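Student: Each chain is listed here by its residues.
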Amino acid sequence: MNDYQYDHQTVKGFIVSSIFWGVVGILIGLWISVQMWKPEFNVPPFFTFGRLRVVHTNSLAFGLGIGAIFGISYYIAMRLTKRPLVFPKLARFHLYLFNAAIALAALSLFAGMNQTLEYAELEWPLDIGVVILWVIFAVNIFGTIIKRKDEQMYISLWYIIATVIAVAVLYIVNNLAVPASLTKSYSLFAGVNSANVQWWYGHNAVGFVFTTPILAMFYYFLPKSTGLPIYSHRLSIIAFWSLVFAYLWTGAHHLVYTPLPDWIQTLAIVFTLFLIAPSWGSVINGYYTVGTDWNKMQTHYLTKFFILGITFYGLQTVQGPTQAIRVVSQLIHYTDWVPGHVHMGTMGWVTMTTAASIYYIIPKIYGTEIYSIKAANVHFWLVLIGQLMFSITMWITGIQQGALWKATNADGSLKYTFMEGLVKNYPFWQLRTVAGVIFTVGMLFFIYNISMTIRKGKALAASRA
Amino acid sequence: MAGELYRRPIMFAVVATVVILIGTIVTMFFPMFTEGMHPRLENLKPYTALQLAGKDIYMREGCNNCHTQTVRPLRTEVMRYGEYSKAGEFAFDRPFLWGSKRTGPDLARIGGKYPDAWHYKHFENPQAFFAQSNMPKYGWLQSGKLDPAAMEAHMKVNGFPYTQEEMADLPSKTELDALVAYMQVIGTGVKKAVPVTVAAMAEEKNPLAGDPNAHERGEKVYEKECEACHGDDGRGGIGPRLTDDIWLNKEGDISDGRIYEIIANGTANGMPPYAGQLDKDKIWSLVSYIRHEQHKTK
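Sequence lines, in order, name chains A and B. Following our numbering, the numbering of the first sequence begins with 1445 at its first residue and continues without gaps. Following our numbering, the numbering of the second sequence begins with 12 at its first residue and continues without gaps.
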């Protein structure tokens, strides 16, 4: 029993840390959203858009995302194997090393140490740190699963295993570089080839950080919190294997109309279209699970987080393949449509599902109830409105940009200069900042609720002792 | 039988690894060993130490977050930026710097488009050129020094040739010098398409010559597109004065058609072409405006 208690401290540590880095990332996100329409908000050398944007993406993908994934995967693994982690002390060390690495990562990015590979910006010494973190995670997850008390491995464990394997391969290969000094390296890959490696990584980082581990949470916490069993085990098997098979073929849809060989682009587009099927396998499984009792949407506050989360996942996985098609790509590629798309996934699917999982875990750890369901509902509506407003404004302005770039006069000359197009983005960029503020306020309700629940739990534990 | 898999974690992990690696091998690993992934244009030159220092700064400042460096083979894109990007242009970029977002314009053909002076002035104050630009100011790079020892290490890792004189010269340059040097070399591996010159153009008369309002319309275009370089009322700056003796035809005739051609196609001395961005009427109205200003100074 004591072991369990100890491991939960590590889980909680990861959750609290990930929330902290989430706050950092979201606030920087707000800042750079203002820089888009007010260049005076750039403060060189450390706080220009070019440096802050990578701090934003890294602190949210690695700090909030990976932090929550480490903690929640440990929680899920312990529950599904019915035993504590095999190396609890290593897990605790993992937590400390994680926070040290993210802090150093943020500082190095402020300082401009940037490999310019999207979502793999960190320089080589930190890359080694990330690999060590991942090895520790892998050892603890695999060790715990091998020593499990329950023979059958549930779906969530499949997704966690796939995540551990895929991220390791992706991260190591894409970061291969020749160091020129402690703070500067040059990629092992050049030109067209480096573009192909990078987007094989970039797209699959989305697949195996923002998809598979989040699906692991979804498949575990949706049935747990609602008490409804997953609708179809067979469907989840098909969805799992086809997803992890097809994802790795699709990276080059980020390089449509670039000098990358055409056959790689086309193959990527085809597999991207195919990906709709396994993605919607999970969406359908989610809907039919709750479909046996839709009242849960009203009566159980977490159900709507999961259902809206999986809905955004469903929309995301239709919109994404649409964007990969050449005729759509040529209109919206390089425009603000793309951040609109990405943020539906991160602010909608990932954050909602992760937050709901945390709402479930924290009271469970302390044997208590959530501090306020009302505050959780306010959180839900604010992040929903903020995210929709963010994505919709960016879609509109993205289509507008693409159309203005392509518009021609009767004599065939271009109708708008670049500046004439840029100026038309300003009202939308301003609205996006407003959307970000609404989302942030929603997240503050979440943080308040979680910290009050922890306080309540601690008081309860003290009174028991 | 298949159900066994979900009770045997090691076998499960092995199968999952194989499934994950198939797409990886076909689309990423295998192509790496084909020639098509390592093309190099014949006249593509390795970066000099100063240019590489500039590229390092471009990476450090995260310029790729707002600027792409790849022109797609789409008609309007080629008109706006120039020749579409070729696979063999990027052999010395480790990694590639194509970017994924155009908050600012594409830079694949920025090399040689403007004179150096344009870049210095623009980096210092982008809003001086485009009042509503959202680009941050980068004049502070002028106080950044270049470190020859570090640059020597960078050149070595890239395998670029360099001379000791080149290295000895670096301390006299600033980070901004390096960045401008890099700007001027981007995309120059591909020869600039020679604009089609219409021989009869020089004979062409301004169709707006009789229009009394044409110069006012031209002034509006001028203020937006030309003034940053050619100054208030054509008094000159980075670009030449448009009311000096040469332009007043004292050293030989410059016809309306010739002015049109210069605006449309640009010059080898740093005047960028505007044919892709301004329609005929706007260019002719500029000709009217220039004539009007010249007339005032006469």
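Derived by calculation from the structure, the hints in this document are not laboratory data. Predicted model only: the values in this text are computed from it and were never measured. Watch out, some of these pointers could steer you wrong.
[To be verified] Below are the SDA-like pairs computed for lysine to any residue, each with C-alpha atoms no more than 25 Å apart in a straight line:
#1 1628/A / 195/B
#2 1859/A / 238/B
#3 293/B / 1864/A
#4 1850/A / 291/B
#5 132/B / 50/B
#6 1850/A / 290/B
#7 112/B / 1505/A
#8 112/B / 1772/A
#9 112/B / 1530/A
#10 1850/A / 132/B
#11 56/B / 1868/A
#12 1868/A / 195/B
#13 1850/A / 56/B
#14 112/B / 1707/A
#15 235/B / 1848/A
Student: Please go over all the hints and tell whether each is borne out by the structure.
Tutor: To see whether the hints hold, each was checked on the structure:
no.	hint	in the structure
1	1628/A / 195/B	holds, 23 Å
2	1859/A / 238/B	holds, 20 Å
3	293/B / 1864/A	holds, 15 Å
4	1850/A / 291/B	holds, 18 Å
5	132/B / 50/B	violated, 36 Å
6	1850/A / 290/B	holds, 14 Å
7	112/B / 1505/A	holds, 19 Å
8	112/B / 1772/A	holds, 16 Å
9	112/B / 1530/A	violated, 45 Å
10	1850/A / 132/B	violated, 29 Å
11	56/B / 1868/A	violated, 39 Å
12	1868/A / 195/B	violated, 29 Å
13	1850/A / 56/B	violated, 33 Å
14	112/B / 1707/A	holds, 24 Å
15	235/B / 1848/A	holds, 18 Å
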